[in-house]
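Colleague: Taken in sequence, the protein lines are chains A and B. Quick note on numbering: the first sequence equals residues 1 to 407 in our numbering. Quick note on numbering: the second sequence equals residues 1 to 91 in our numbering.
None of these hints come from the bench; they were simulated from the model. Note that the coordinates shown come from a computational prediction; the quantities given were computed from them, not determined experimentally. Careful, some of the hints might be misleading.
Sample of chain B residues at the chain A side, in silico, Cβ under 7 angstroms [what the hints assert, rightly or not]:
no. : residue
1   : P8
2   : Q67
3   : A87
4   : V88
EDC-like cross-link-like pairs, simulated, lysine to aspartate or glutamate; straight-line CA separation at most 20 angstroms [to be verified]:
no. : chain 1 : residue 1 : chain 2 : residue 2
5   : A       : K290      : B       : D65
6   : A       : K290      : B       : E64
7   : B       : K43       : A       : E25
Per the computed footprint, the stretches of chain B lying under chain A, defined by three or more beta-carbons under 8 angstroms from a beta-carbon of chain A, are [to be verified]:
no. : region
8   : 11-24
9   : 49-57
10  : 78-86
Backbone N, C-alpha and C fix where the C-beta goes; we use that ideal spot for every residue, glycine too.
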Amino acid sequence: MAFASALKCRECGREYPTDPLNVCEFCFGPLEVAYDYEAISRAISRERIQNGPLTMWRYQDLLPVDGDHAVDLQTGFTPLMKAPNLGRLLGLDHLYIKNDAVNPTNSFKDRVVSVASTKALEYEFKTLACASTGNLAGSVAAHAARAGMNAYIFIPADLERGKVVGAAIYGPTLVAINGSYDDVNRLCSELADTYPWAFVNINMRPYYAEGSKTLGYEVAEQLGWQAPAHCIVPSASGSMFTKIWKGLKEFEDLELIPKVHTHMHMTQAAGCAPIAEAYEAGVTRVRPVKPNSIAKSLAIGNPADGYYSLKTIQESDGDATIVPEDEVVAGIQMLAENEGIFTETAGGVVISGLKRLVERGAIKRDEVTVAYITGNGLKTLEAVEDTVRSVTIDPTTSSFEEQVLNA
Amino acid sequence: MGVTVRIPAPLRRVTNDQDRVEVDAENLADMVDAMEEQFPGIKERLIDETGSLRHFVNIYVNGEDVQFLQGLETAIKASDEVSIVPAVAGG
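Based on the sequences and whatever the hints tell you, model everything.
Modeller: Printed below as a string of structure tokens:
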């Protein structure tokens, strides 16, 4: 906390105190946490980080809250696994999977919510709330339970069962809305102006978003204190994509890692790809779309960080890939069958997007490549149910031989 | 009776803390001009130098994002509800 000095408008640069604010009163630009990097650079070191907890809180010097009082479900420091089988299949010698599906509520959202809920307690809010495409719902509900707070969770009514149950079990008030995520978001913006609640992705947003930087820090540390050549990242609002890049650049600026030459590649599914479409069209204004995608966790038609995501692509000399809807499940299967990791639809978008990137020569065989898997497959069983088979038999050797071995 | 416009918290300093205002206007561009007369300074917060809606401002007419309608040229009538909503991060 000591190092977060202000909130600063990303557009016009106006500064605000570190209050529960998210929008600049003058230009509506998003506010971002500003830090005293000189003080951080005097305090931080590889050793200090390595001596910290085996969670995202080892990076607390670069987070905008007091880590000693964190609402902490032991999130983060998830495995960075070498993926030799998938690498061989795709033609990559140094492919890694950042498996963030193993967080406490099975998605990367625990990183942002751990920060946001800690901040909400600091501000003495009693209620945590969010608009969610599913993963955030479960994470907010769990952190509210842990923190002893009330929770209001707003989701589109058509979400996968696993995400609905996976949020409801923690005992929040769960409200399904007849509409898309963008409708839910608009409603929540209005509610956030009316009720004194901490909406993690509205009035807590500047703090919330910082949690995703830890996905950049961890990968750099786990690669032996260096940034990868390529990051493949799924995008909905684009927030995480920009924050992974910010995390890598902060580590570079603090001289914790050598100069960063990472190319940031965003992947979106064809049924909701507003940022990637703007990239392909060569424009900086993201036109909203009406989502119709199997990848519901990425189905944000009006992405708040679309503009900054395009800037991240430009700064990092990366790109954006649109994955056809009918390749999403194939991506899930490829990862499961080759590396033993079962991801949700967003991860299928990442793996199929990665395949496309390699095929078009954007990634070379000998370059260190990290694919970000940010959610667990058990949350989106509906997407793959029809592709798997099992056999039911009587408990006899003969039925096993007849119906399985010799079938 | 005019069109009702919902004002988000960050703009309420300009609208003297009113969370709804009423204006007479036939389309959104007129609406913004009419609001500017009542509440000087509001227009520059919504519209950029090129006359377009700012990047991080969303306007909805009866719940529909005007980017799916006719943008600032979208027609409005007395019974409509217009919402001004800042862009929100993902979930």
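Colleague: Holds or violated: is there a CB of chain A closer than 7 angstroms to the CB of V88/B?
Modeller: This hint holds: V88/B lies near chain A, its Cβ roughly 5 angstroms from the closest one there, short of 7 angstroms.
Colleague: With the threshold set at 20 angstroms, check whether the alpha-carbon distance from K290/A to E64/B stays at or below it.
Modeller: holds (11 angstroms)
Colleague: Checking one constraint from the list: CA of K43/B to CA of E25/A, max 20 angstroms. Satisfied?
Modeller: Measuring from Cα to Cα gives roughly 12 angstroms; hence the hint holds.
Colleague: Are three or more residues of the region 49-57 of chain B within 8 angstroms, CB to CB, of chain A?
Modeller: That given contact holds, which follows from 4 residues of the region 49-57 of chain B lying within Cβ reach (below 8 angstroms) of chain A.
Colleague: Within the region 11-24 of chain B, is the number of residues with a Cβ closer than 8 angstroms to a Cβ of chain A three or more?
Modeller: holds (count 3)
Colleague: Is the shortest C-beta separation between P8/B and chain A less than 7 angstroms?
Modeller: holds (6 angstroms)
Colleague: Let's test the interface hint: is any C-beta of chain A closer than 7 angstroms to that of A87/B?
Modeller: Because about 4 angstroms separates A87/B from the closest Cβ in chain A, which is inside the 7 angstroms limit, the hint holds.
Colleague: Tell me if the straight-line CA distance from K290/A to D65/B falls inside 20 angstroms.
Modeller: Between K290/A and D65/B the Cα gap is close to 10 angstroms, so the pair holds against 20 angstroms.
Colleague: Would the hint on Q67/B stand, with a C-beta cut-off of 7 angstroms toward chain A?
Modeller: holds (5 angstroms)
Colleague: Go check the region 78-86 of chain B versus chain A for me, would you? Three or more residues, Cβ under 8 angstroms, otherwise it fails.
Modeller: As far as the region 78-86 of chain B goes, the hint holds, because 3 residues have Cβ atoms under 8 angstroms from chain A.
Every hint from the earlier list agrees with this structure, and none is contradicted.
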